[in-house]
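Generate coordinates for the entire structure from the input sequences, incorporating the hints supplied.
Position in the sequence shown counted from 1, then plus 720, gives you the numbering used here.
One or more hints might be untrue.
With a straight-line cut-off of 30 Å between C-alpha atoms, the simulated DSBU-like cross-links for lysine-lysine are [claimed, not checked]:
#: 1; residue 1: Lys757; residue 2: Lys747
#: 2; residue 1: Lys819; residue 2: Lys757
#: 3; residue 1: Lys788; residue 2: Lys819
For the record, the hints were derived by calculation from the structure and aren't laboratory data. From a predicted model like this one, the values you see are computed outputs, not experimental measurements.
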Amino acid sequence: MSPSRRRKSLKNATIEVQGLVKHFPIKLGFFKALTVKEAPIVHAVDGVSFHINQGEVFGLVGESGCGKTTTGRLLVRLLEPTDGQVLFRSADLTTLSTKELRQLRRTMQIIFQD
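Printed below as a string of structure tokens:
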């Protein structure tokens, strides 16, 4: 995609994800925690960026355990991101109050395949 076409596409984006990151600390047993300096971390989502324009259908596909479900949960803020931004109609979901988020979720839908 050419840079000018990309800028126009981003301007019309309904959803824009920028550098989305989610890390989960691994819980250690009591004695193991005494011997480890830092708890290990699972990098579930690490720097994901994309945009979806109005009217587009977006499918997120990949191998088992690659972060698809975590990304979906981050998009509707069922999980808090470690870093990054999720913009929905220019509103930064990572900064919305619980009340604002509840109202906005009425206009969102994610379909998980199980």
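Hint numbers contradicted by this structure: Of the numbered hints given earlier, the structure breaks just one, which is hint 2.
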